Each structure stands twice: as C-alpha cells, then as structure tokens.
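Colleague: Residue-level listing of the chains:
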Amino acid sequence: METSNRQITFTPDLFEPVERSPEEAEKIRGAPVGFWGDAWRRLKRNRIAVAAGCVIILILALAVVGPLLTPYTSIGQDLDRQYKTPSLSGFWFGTDEFGRSMFDRVWVGTRVSLYIAALVTAMDMCVGMAYGALSGYYGGKVDNIMQRIVEILVGIPILIVAILTMLILEPGILSLTIAIGLTGWTSSARLIRGQVLRLKEQEFFLASRSLGANTFRLITKHLIPNVFYILIITLMYTVPTAVFFEAFLSFIGLGIQPPAASLGALINDGAHQMRFYPYMLIFPAAVLVTITISFRLLGDGLRDALDPRMRQ
Amino acid sequence: MLKYILKRLVNAFLVLFIITTVTWFLMQLLPGSPIQNAEKLTAEQEAQVGEQYNLDKPLPVQYALYMTGLVRGDLGNSYLYGGTPVTSIILDRLPVSMFLGTQAIVVGLVVGLFLGIVGALKQNSIWDSGAAFLAVLGVSVPDFVLAPLAQYWLGLKLGIFPIAFFESWWHSVLPSLVLSTVVAAVIATFTRTEMLEVLGQDYVTLAKAKGLSKLAVVLKHVLRNSMIPLVTIMLPLTAALVTGVLIVETVFSIPGLGEQFVRSIFEKDFPIIMGTTILFSVFFVASYLLQDILYGLIDPRIRVAGNRE
Numbered sequence: 001m002e003t004s005n006r007q008i009t010f011t012p013d014l015f016e017p018v019e020r021s022p023e024e025a026e027k028i029r030g031a032p033v034g035f036w037g038d039a040w041r042r043l044k045r046n047r048i049a050v051a052a053g054c055v056i057i058l059i060l061a062l063a064v065v066g067p068l069l070t071p072y073t074s075i076g077q078d079l080d081r082q083y084k085t086p087s088l089s090g091f092w093f094g095t096d097e098f099g100r101s102m103f104d105r106v107w108v109g110t111r112v113s114l115y116i117a118a119l120v121t122a123m124d125m126c127v128g129m130a131y132g133a134l135s136g137y138y139g140g141k142v143d144n145i146m147q148r149i150v151e152i153l154v155g156i157p158i159l160i161v162a163i164l165t166m167l168i169l170e171p172g173i174l175s176l177t178i179a180i181g182l183t184g185w186t187s188s189a190r191l192i193r194g195q196v197l198r199l200k201e202q203e204f205f206l207a208s209r210s211l212g213a214n215t216f217r218l219i220t221k222h223l224i225p226n227v228f229y230i231l232i233i234t235l236m237y238t239v240p241t242a243v244f245f246e247a248f249l250s251f252i253g254l255g256i257q258p259p260a261a262s263l264g265a266l267i268n269d270g271a272h273q274m275r276f277y278p279y280m281l282i283f284p285a286a287v288l289v290t291i292t293i294s295f296r297l298l299g300d301g302l303r304d305a306l307d308p309r310m311r312q
Numbered sequence: 001m002l003k004y005i006l007k008r009l010v011n012a013f014l015v016l017f018i019i020t021t022v023t024w025f026l027m028q029l030l031p032g033s034p035i036q037n038a039e040k041l042t043a044e045q046e047a048q049v050g051e052q053y054n055l056d057k058p059l060p061v062q063y064a065l066y067m068t069g070l071v072r073g074d075l076g077n078s079y080l081y082g083g084t085p086v087t088s089i090i091l092d093r094l095p096v097s098m099f100l101g102t103q104a105i106v107v108g109l110v111v112g113l114f115l116g117i118v119g120a121l122k123q124n125s126i127w128d129s130g131a132a133f134l135a136v137l138g139v140s141v142p143d144f145v146l147a148p149l150a151q152y153w154l155g156l157k158l159g160i161f162p163i164a165f166f167e168s169w170w171h172s173v174l175p176s177l178v179l180s181t182v183v184a185a186v187i188a189t190f191t192r193t194e195m196l197e198v199l200g201q202d203y204v205t206l207a208k209a210k211g212l213s214k215l216a217v218v219l220k221h222v223l224r225n226s227m228i229p230l231v232t233i234m235l236p237l238t239a240a241l242v243t244g245v246l247i248v249e250t251v252f253s254i255p256g257l258g259e260q261f262v263r264s265i266f267e268k269d270f271p272i273i274m275g276t277t278i279l280f281s282v283f284f285v286a287s288y289l290l291q292d293i294l295y296g297l298i299d300p301r302i303r304v305a306g307n308r309e
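These protein sequences, in sequence, are chains E and W. Under our numbering, the first residue of the first sequence carries the number 1, and numbering increases by one thereafter. Under our numbering, the first residue of the second sequence carries the number 1, and numbering increases by one thereafter.
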C-alpha cells in the first residue's frame, strides 16, 4: 500500500462533464471476449510462456528444414572426416565416429521426438477424449465396464509394455508407436470422464437435453468444448514425458536403431564418447532438454491462462 | 472402507495376473530360441537341455508349471547363469537398488521440501523464481543426460567421486544424487502449490491473529496440513525411481536390479525378464493401491469409498 501525504484541493474547474446521448450510454463497448480470446490475452501477457512457445516453433522449424541447410545427410558416412570438432565453417555440430554430420543427425533425431509428441497428442485428442466422454456420458454399467478396462490398462506399467513391444517387434518407430498407442490415452480418458460426470449435472446441459438435443450434439457441442482446455493442459505435460520416454528407450538400446537417429540414441552414443568428444553429448542433450523445458513452461502458462480457478 | 480396500486388492491381483500372463505368452513369441548356439548341439543334447528347462512340454503345460511355481514363490531358473534360481538373483541385486532408491528419496525429500517451503513463504521473490527454475530443470533434464554429465564433471574433471561400480558408500553418492533430482523437483513443485493453498485458508489467518509466531504458524498449521497430500505423488515417484534405476545403474555399472533387467533383455534370459517384470509391476500396482487407500484415510475430506462422482 502506498500512502501519499500530498494534499490535493479539488475545485470545480478541474472537472468537465462528458457529453453522452442516452442511446450512446446504452451501448456496450468493445466486442465481447470469448473464452479462448480471453485465454489468449492472458497467455500473451505471460512472457515466459510466450518465449517457450517461440522456442518450440523454432525447434519445429529447425527439425523440418535443419537437415536441408547443410550439404550433408544424417546417414552419409565418410571415414576421412571422423570426429571433426564443431566449427562455423565446416560441421556446425561436428561429426561422429563415422564422419556423419551431427547437425543433420540432431535435427533428424528431433523429428522422432516431435513425431512422438504429435502421436501422443493425437491419441489423447481422439481416443482419450472419445473414451472419457462416452464413459462419463452414459454412466452406469457402461461406465463401470469401461473404467475397469482403463484400470487394468493403467495398472500395466508403460515401461514394461514398451519393452515387451520392442522385444517382439523390431525395435523402431512402429513398435514405439504401438507401445505409446496402447497406453498413452488412459490418463486423459480418466480426466475427461471426471469432468463430463460433473458437467452432466449442470443446468445448461439439462436445458439443452430438454430442448431435444441428441447425444451427438450434446457431446460435441456441450461436453467437449467444456473439457477441451483440460485436455490441452494435460497435453503440455504428457508431451515431454513421452519425448523423454522415447529417448529413454533409445538410450538403453530398445528404441530407434542406427543408422537412424533419435535424440536418446545420440545421447547414448555421446555418453560413450564424452571424455574425448563432449560435443557429441552436449548438442543432442541440449536440444532434448530445451524441448522438455519449453513444453513444461508453456504448460504452466496455459494452465494459468485456461484454468478459471487460477484467475486472480 | 474395508469393502473398498478388498475390492481394490482383488483388482490389483487381477492386474498382476493379467500382466504375468500377457508377459509370459509374449515371451514365447520372441524371435530366437533360448538355447544358444542351438545349431551346434546334437539333437540329443538339445532334447536334454529342453527337458531340463521344461522346454519340451506343450505351451499350456509350461504356462501352468510357471504359474504354479509363481504361487509358491518360485520364479524359475535363469537360462544363462548356470541355472541359478531367479529368486536368488533378484534377492542378490534388490538390496543394492533399494539402497540407492532409499538414499535418493531421502535426499530428494529434504531438498524438495526446502525448495518448496522457501518458494511458498517468499512467494514471487527471487528465491521463489530460483526454486521454481531448479524444479523445472530437475524434471526436464533426464537421468540419462545428467548421469554422464555428473560422471564427466564430478567424477572425471573434479575427481571427487568414483565414476562407476559399487564398492563402497562413496560409490553410491553420484548415482543417488542423479536419482534424487526428479524426486526433489516433483516434491518442491508439489509442496509449494500445497503450501500456498493452505496459507490462504481461514485457520491460518486465525492462527496469525491469535498472535502465534511466524515459525509456529508455519510448523504447526501450514506444514502439517500441506504434507497430507504428499501421498498423491507416490506413484509418479515410484515410476521415476524405477525408470531411473534402470538408467542410473546401467550408466554407473552398479550391480542392481535395473542393470540386470536391461542386460537380461539383450541376453534374452526370459526367466529373469519375467521375474523382474513381475517385481516392477508389483511395485507399481502396490503404490497405486497405497496411494488411493492412504489418500482416503489421511484426509477425511476425501471419501474414496462409494464416491461415485
């Protein structure tokens, strides 16, 4: 609290009346701000979240065009140029033991991470939301059975599922996809179901139903828009976990197989060579950490912007 | 409540049964034979080995044999290490992992609580931002990045700690530190949020109004009430520790369960993979169960049983 000791004397000449016609006074100024507009306004004010968003876009762009910026490829070997240290004139991130350009390998590896991120997003959006909404909407016996199934799926540790999938199929992008696809959607399904159960009891829902809205309309027009923001917040936290997970599997040798690259596999290679060629560890590690940190910070920002309870 | 616990227990056993069964049958689908160099063996030798490990019997019989053994606590014998019982291999290696895990939890708890409390009491100050930054860093830097870096800087460059193997307590410092970062970060974030919520409650205002010292308010009213929900993060912590143990033990060459598991995957030592999978699953399932039960017991505001939300 600021206290001011200054004394101000108010005289009538300091004020002048504002001319307003009665019609004008009735007008509501400004376009109404919807939920998403409001959230966007608040998100923009959060500088950390905006910065994190920009970093994600930058990494996305580099993953797409990065390998095209150099004359080399991520798998092109040349034993004449083994272990070149990073330099601005030659190999920006150096080369590995086969003379492959690390710059290209890092960004090709980032593609894998971002593919996993997109996959998890898709699973959460489609399967998780549909499953949770249906389970919550129908309730009763349907809900009971659907929840038991989820409970069993949740009980199976994803680590074990992934390792088993990797063992049976060839380790690679397909087995990774299956492992994440099998279990990735359960947490969002549970969350959505809880919200739908709550929304179902509210008056606007009853009103719409009494007016004769059918199931499809009720779910798509009333339930999903109201739970969507929760999904987005969860996503920001599941994406780094999934990216992390792929890197972990590749690190222990069960993920992406050489000569294909993924950040985890590159970090594993780098860790073996770090004593003499630390750059081989540092570049992929830095990119991976940047991705996870950015998603988390953006997630924090989105939570503050989207969750009504966080409003001051 | 009792009915609820019973129901959850039955459910937990069902989950474990399904995991075991699925894992067992998936193992059979694995490419390659568990007998190494099978082409070099005569048919007679192969039959002998097959008989020794029950490999000659039809699959359902093998499955039934495994499951009956499991009920009696027998996890079968390792294919590789001269037929050593899996149970004894696990019992050999489990204490090492448990030791690392416990040490990591203790360190993580202390550091995390400290960061969380500082963050909440000095909200929006530089201390708060610093603690929040450390917490984000802690969850975002994966163990497999941190472990080699710790080996490089603290082990090689500064030469303070041994970089691998497990011969003395001194060897356990680096791996425990690496493991504890996630724990500390999760606990710090959690404690801060919980404490801020409690600090805004009426009973805290009342305690302050009564004239209690700041320390007494924090210790007696705020901290106690914000610690209750700590049980809710048990599961993520268990998951973090199990995956952490796999990485950290592999990187630091520590003879624990995680290192054995990763190795067995490459060696195709099915009985060990099975046994460890079951053990890890028990950890996960038990922590879920404990989490739900404790949550209902500790905080009377939450009623788990019969709460059909």
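In short, the hints are calculated from the structure, not lab data. Be aware that one or more of the hints could be misleading.
Cut-off 27 angstroms, straight-line C-alpha distance, at most; resulting in silico cross-link-like pairs (DSSO-like, lysine-lysine) [stated by the list, open to error]:
no.	chain 1	residue 1	chain 2	residue 2
1	W	K3	E	K141
2	E	K221	E	K200
3	W	K3	E	K44
In this text the structure is predicted, and so the values were computed from the model without any measurement.
Colleague: It remains to establish, for every hint, whether it holds in the given structure.
Modeller: Hints, one by one, checked against the model:
1. Note on W/K3 and E/K141: the hinted pairing holds, with a Cα-Cα distance of about 20 angstroms set against a maximum of 27 angstroms.
2. A distance of roughly 13 angstroms separates the Cα atoms of E/K221 and E/K200; the hinted pair therefore holds under the 27 angstroms criterion.
3. Using a Cα cut-off of 27 angstroms, the hinted pair W/K3 and E/K44 is violated, with the two alpha carbons roughly 50 angstroms apart.
Going through the hint list in order, the structure does not satisfy hint 3, though it satisfies all others.
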